[in-house]
Amino acid sequence: MTNSVSVSVPATTANLGPGFDCIGAALTLYNRFKFTHQEEVEIRVTGIESDRVRTDDSNLAYRSFVKLYETLGQIPPPVHIDIELGVPLARGLGSSATAIVGGLVGANLLAGEPLDITAVMELAIALEGHPDNVVPALLGGCRLAASVETLSRQRWEICDVPWHESVVPVVAIPDFELSTVEARRVLPSEVSRADAIFNTAHLGLLLRGLETGNEAWLGAALQDRLHQPYRQALIRGYEAVQQAAVDTGAYGLVISGAGPTLLALTNRGQAGAVIVAIAQAWQQAGVKAQVRSLEIDNQGARSSNEVA
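Residue numbers (UniProt numbering): 1 to 308.
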């Protein structure tokens, strides 16, 4: 009998400019979850901003754990959950997606893996409400998700997006938060045909740019008309940071997920200069930020178990 399971889940960056709510990539930054059978439910959280995470039955990792057992028609066993945070909260790096994926994967392992990866993924999407963070958090890499509507139900087709080794993601994490609810509130309920066509073309160009590393394509592809023009005003110093990144050699700079973290794509030779330029530009705008280059995590959620 499996007594304890550990799950490591990567942070994610979603949208990548024109890929609103449908594309995301896993990054080499992690939250870790350990689930151990015991007589009563207990949750302990350590790491960055751990004091802000709830440790009762409203904890998102625990709610996701319970959801999987409910899906199986079983009563969830009492567990001790150890959560080690490495992904900042409410910054547009998929912290909630790590909790959902961690809880589902942990429960599935303790239950003897009754669900396959597709079923776990569909549960994760249902809990999150959209696929762009939870899919790469679970599967790793850069992923494009498209819904397929049939007469019986909605299902998902997931396409892996090749990411050229020369393309480096640089994340700039500011010292302020932006809630997803607020970031969605500013979006228009309808868009023009011209804007829809613009984003369709730029998403196609983004996919080819990421695959080939073509700098000209990437420089054009990161433009967007569906969400970024409306969200930029919520992020202090955005235009100055964007200009500094591009002037230093970045292909472009976009909002990571709902923000306020910003994502620049650049080549390996310019990554160091881009990091410095972004940090300085935000500092001049009165914002302290952690700016660092990461890699694409190609494995997604990793797990191990201990047998009693």
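Check the hints yourself; a few may be wrong.
Computed list of lysine to aspartate or glutamate pairs in EDC-like fashion (alpha-carbon distance at most 16 Å, straight line) [said to hold, decoys possible]:
1. K34 / E84
2. K67 / E122
3. K67 / E113
4. K288 / E113
5. K67 / D57
6. K34 / D82
7. K288 / D175
Source of the hints: derived by calculation from the structure; they are not laboratory data.
Any hints this thing doesn't respect? Which numbers, in order?
Violated hint: only 4; rest satisfied.
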